[in-house]
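From first to last, the protein sequence lines are chains V and Y. Residues 0 to 95, numbered by numbering that gives the first Met the number 0, are exactly what the first sequence covers, in order. Residues 0 to 195, numbered by numbering that gives the first Met the number 0, are exactly what the second sequence covers, in order.
It is possible that some hints are incorrect.
[To be verified] Quick look at which bits of chain Y chain V covers, simulated, 3 or more residues with Cβ under 8 Å:
{"hint": "1", "region": "24-32"}
{"hint": "2", "region": "94-102"}
{"hint": "3", "region": "131-138"}
[Stated by the list, open to error] Label-pair ranges, simulated between beta-carbon atoms:
{"hint": "4", "chain 1": "V", "residue 1": "2", "chain 2": "Y", "residue 2": "145", "range": "19 to 27 Å"}
{"hint": "5", "chain 1": "V", "residue 1": "55", "chain 2": "Y", "residue 2": "65", "range": "58 to 66 Å"}
{"hint": "6", "chain 1": "Y", "residue 1": "22", "chain 2": "V", "residue 2": "69", "range": "50 to 58 Å"}
{"hint": "7", "chain 1": "V", "residue 1": "45", "chain 2": "Y", "residue 2": "46", "range": "22 to 30 Å"}
{"hint": "8", "chain 1": "Y", "residue 1": "173", "chain 2": "V", "residue 2": "42", "range": "39 to 47 Å"}
Since the hints were derived computationally from the structure, they do not count as laboratory data. Note that the Cβ used here is the ideal one computed from N, Cα and C, for glycine as well.
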Amino acid sequence: MAIWEVFRQERKGQPLQHAGSVVAPDERFADWYAREQYGRRGESVALWVVPREAVHTIEDFVDELHRNYHRVDGYPLKEKLKEARERAGTTASRDR
Amino acid sequence: MSERAQLLLAIADDELVLGWRDSEWTGIAPFLEEDVAFSSIAQNEIGHARALYELAARDLGTTADELAFDRKPEEYRCAQLVELRLPDWERTIARHYLYEAADADRLGRLKASDDEELAGLAAKIDREEVYHRMHAEMWFDRLKDEPRFATALDELRPLAAAISDPGLRNGHTPELAELWEVMTEVRRSQPAGTTW
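So here's chain V without its partners, still in its complex pose:
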């Protein structure tokens, strides 16, 4: 028996998202069980059934130097601007 990961697409054009997994003796059984568990109530328009061994897991994301400008959420300009202004002895102009 092996584990297959099942991804499902709810509507055409949407991304496939992980739905869960099935345990099955081979690929045909995996497909049948996936259809049964994730498709037969009209909740999916497509499934991907992928052997778990085919999935590569990556969990190490090294950022030793805290280069947070690589992150979409993470470059706090406001703080840096405030520090710079303090050093320069100016303040933000209020009429902008």
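We have chain V; now place chain Y onto it with these hints.
What follows is chain Y alone, placed relative to chain V:
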């Protein structure tokens, strides 16, 4: 009774009784995914029985429930193959395989029938049966080299012909009456003053 009603009842009884027998695996199938799968197949069969009983009930001026549960065991028209209690997986799968093959044959003929209502219902049922056949065939391929499975197929094969040809049906096994007791127990227990 019209020939059409007789045929509808023969098929509906097969589906109801087989659905019941298959549902006996719920909770005890060889592994969990298969438990869900086989229970779902059982439920589909009972759903097909319901649709067929409804059509027959209209012809006969009664209801699907009355046809399903209020007849005596000897009035049922099911084939012996579906009546058997088969508490071992290889025989259950052998029956499943033989039944699905015969049922495909039967549905194929109904779909080609001049009776549009019957042909339409057969087509609808067949769209679900496709997946039952797929399931039966993958189990067949998996078990085909097991001697116990081969023995089970040999044992049950002579009973399969009566599925596609109701003319070959001749009496019931004692197992049908035992099943009927359980299957109709709740309905027969109807407390005074209630209606189902």
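A quick look at each hint next to the structure:
| no. | hint | in the structure |
| --- | --- | --- |
| 1 | 24-32 | holds (count 3) |
| 2 | 94-102 | violated (count 0) |
| 3 | 131-138 | holds (count 3) |
| 4 | V/2 to Y/145: 19 to 27 Å | 25 Å, holds |
| 5 | V/55 to Y/65: 58 to 66 Å | 59 Å, holds |
| 6 | Y/22 to V/69: 50 to 58 Å | 57 Å, holds |
| 7 | V/45 to Y/46: 22 to 30 Å | 25 Å, holds |
| 8 | Y/173 to V/42: 39 to 47 Å | 44 Å, holds |
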